[in-house]
Amino acid sequence: MTEPQNDPLADDALLAAFLDTLIPPSDAMPGAGTLGMGSAVRAQVSGNAMLSAPVSAALAGLREAGLERDPGGFAALDLDAREELLKGIMKQHPALGMMQMAVFAGYYQRPETLEALGQPAGAPFPKGNTIEPTDPELLAKLEARKR
Amino acid sequence: MANDPVDVLIVGAGASAAAFAWSLAETRMNILCLEQGGWIKSTDYPTNFADYEARGFAGWSGDPNTRKLPVDYPVNGSESPINPLMFNAVGGSTILWAAHFPRMEPDDFRVHSVDGVAEDWPIGFDTLAPFFDVNDRMMGCSGLAGNPLSPPRNPPMPPLPLGKVGNALAHGFEQLGWHWWPSDAAINTQEYEGRAKCINLSPCTSGCAQGAKASTDITYWPEAQRRGVQIRTGCRVREVTVRPDGMADGVLYYDAEGKLQEQKAEIVVLACNGIGTPRLLLNSARDSHPEGLANRSGQVGRNLMFHPVGVTFGFFEKELDHHGPIGCSLHSHQFYASDPSRGFVRGYSFEALRGLGPFATAMMGMQRGQVRWGKRHHEGFQRLYNRVTGLLTMTEDLPEPDNRVTLDPELKDSHGIPAPKIQYKLSENTKKMLAHGKERATEVLKAAGAVETMGQDLMPGAGWHLMGTARMGTDPETSVVNGWGRSHDVKNLFIIDGSIFVTSGAVNPTATIQALALYIADAIKQKIDNLFD
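Keeping their order, the protein sequence lines are chains A and V.
All residue numbers for the first sequence refer to our numbering, where the first residue is 1 and numbers rise by one.
All residue numbers for the second sequence refer to our numbering, where the first residue is 1 and numbers rise by one.
The hints are simulated quantities; they were obtained by calculation from the structure and are not laboratory data.
Any given hint could be a false lead.
[As the list claims (entries may be wrong)] Quick list of in silico lysine to aspartate or glutamate cross-link-like pairs, EDC-like style, CA-CA up to 16 Å:
#: 1; chain 1: V; residue 1: 375; chain 2: A; residue 2: 80
#: 2; chain 1: V; residue 1: 375; chain 2: A; residue 2: 27
#: 3; chain 1: V; residue 1: 425; chain 2: V; residue 2: 402
#: 4; chain 1: V; residue 1: 318; chain 2: V; residue 2: 452
#: 5; chain 1: V; residue 1: 264; chain 2: V; residue 2: 245
#: 6; chain 1: V; residue 1: 264; chain 2: V; residue 2: 249
#: 7; chain 1: V; residue 1: 318; chain 2: A; residue 2: 132
#: 8; chain 1: V; residue 1: 432; chain 2: V; residue 2: 339
#: 9; chain 1: V; residue 1: 375; chain 2: A; residue 2: 84
#: 10; chain 1: V; residue 1: 264; chain 2: V; residue 2: 7
#: 11; chain 1: V; residue 1: 375; chain 2: A; residue 2: 78
#: 12; chain 1: V; residue 1: 438; chain 2: V; residue 2: 452
#: 13; chain 1: V; residue 1: 425; chain 2: V; residue 2: 79
#: 14; chain 1: V; residue 1: 375; chain 2: A; residue 2: 83
#: 15; chain 1: V; residue 1: 491; chain 2: V; residue 2: 7
#: 16; chain 1: V; residue 1: 431; chain 2: V; residue 2: 457
#: 17; chain 1: V; residue 1: 264; chain 2: V; residue 2: 4
#: 18; chain 1: V; residue 1: 446; chain 2: V; residue 2: 317
#: 19; chain 1: V; residue 1: 264; chain 2: V; residue 2: 239
#: 20; chain 1: A; residue 1: 141; chain 2: V; residue 2: 174
#: 21; chain 1: V; residue 1: 446; chain 2: V; residue 2: 174
[To be verified] Here are a few chain V residues that face chain A, going by a calculated C-beta distance under 8 Å:
#: 22; residue: 50
#: 23; residue: 164
#: 24; residue: 201
#: 25; residue: 210
#: 26; residue: 321
#: 27; residue: 323
#: 28; residue: 359
#: 29; residue: 378
[What the hints assert, rightly or not] Residues from chain V that keep clear of chain A, each with C-beta distances beyond 10 Å, as calculated:
#: 30; residue: 115
#: 31; residue: 129
#: 32; residue: 134
Built from N, CA and C at the ideal position, the CB exists for glycine as well.
Here chain A stands alone, though its shape is the one from the complex (with noise of 0.2 Å):
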């Protein structure tokens, strides 16, 4: 079995810090990494043998960035020194982009992403959602032209 100091994804702390930086904690919202959601990237990137390797290669630069810059490394550094290093291992790896649609499609359906807007956090059946009647102002228009 790899070692997290060996390979970057089982880096629990190096992924949470990564998904915080692409989706910060911010008033009410969750961030990406707060809400756990290393896990199911971890799932997704090893299941994909495309993205695995590349993935991982970068991680691993982000992992070592980190550690130049801070002994306690990616994660002990503040978000704006996490963004700017980040960027620069983004122009090196194309791959930690492509990551960015499938976070931010995992974020957007979490319960607790839905809940902190506002909306309903499980399925919407069967409880569905109740949307404003037509203005009361449209509707005598309306009836006004009817032929």
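Using the hints, position chain V against chain A.
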């Protein structure tokens, strides 16, 4: 392997087949429908799950090349700017449709007489009018009677609520003094015929778990089955077989286990949509009809019409919403009829969309560079979320012989049957219409309060409406079926789907497709004693 012969064999179980089978069932003829898909369980629809938005983009996509389900066949769309969409199941594409339910207008049936282009239909609006009404009752239709630009219609249910988005857009139309009207929708606004009312699960186009949207698996088909019609699922038809006298003999099909089966019938009816029907006719070519069955005119597969659609988005500062049936709040026919001063013939409809859900907002924002990763992520998202809506420009597509469906020489489905290939180009007339629509849509959105707009000239992924590829006509030299859907060449072969449209109008075609299917069923009943003369 041979099965017991039937009186009537229908291929395909979508919008037209269901209406046709239900109507013809009163004759007590032995009717069988073969469908390559299966029955969809309402518990499988995406809105049963929290990640419903993403599910709608993948396994429930309208694009068979994206879904790639075992029941789908591939479509080579590499030579078309519009991807053809469809769904293969009992209910067909009504499983995923938006249920926008307008009727074609009277002048849409006489385009040549009115504007000197294309051809007139061999039938008119008045011929279909009673069947439109039957169809509204069977499918369930919500709407507001009295639309001043359309013939009288009395939907059995009141219209869907406009919601914040529809109200805002309606005020925009009002400010400009342009026509608008609540959309007619095949969606229940109250309990109807045992089906529940809409609870705004949204977005409809990945199926309705509530059963409020009228897909034919829950409207016509149960009624048709009660009348004795049989449906056999998992059956992919390879070809229509022909007797030595040139009459249709039945079909060869692969059953759910992949075994080749033969099904004989007195009457064969094709209802496979504007791509599937010409594909089947072309795949039925034999020495006696080398260019395909029912194709002496050479028109099978030609004159493909899509309704090219453009979309203009408006970005608002005030908060809107995103729930409610996506395609059905309001429409406008302000620019529907020809006006020579506009520089193009015929016209287009506007159809209002609802807003975008969180997932769709993030995806759109990312593509536009408005929702980026990093510390400004949430700020970018909040600027879009519940603040975007779109107006569709749905143009009338005129028939052109070079826009066509052929058989791909290499691509095949999972049974080795040649797949369809689409060759389609946008006409200059359509391009002008789309450009005009984008400008006018921008005016509406700004009048409604949009602070910014963005127009997309053509939506590649909006090829829902498949029409014209086996058109009706009185002349066997220039058309495939006669004025009541019977093949000119093969007198016990009928076509009842959108293939038989002569022109397309500029409205969603399903109500007209179903009215045509009911009319053809009625014609068969009326002419039953000399049907093949």
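Which hints from the list above does the structure break, by number from lowest to highest? Checked against the structure, no hint fails, so every one of them is satisfied.
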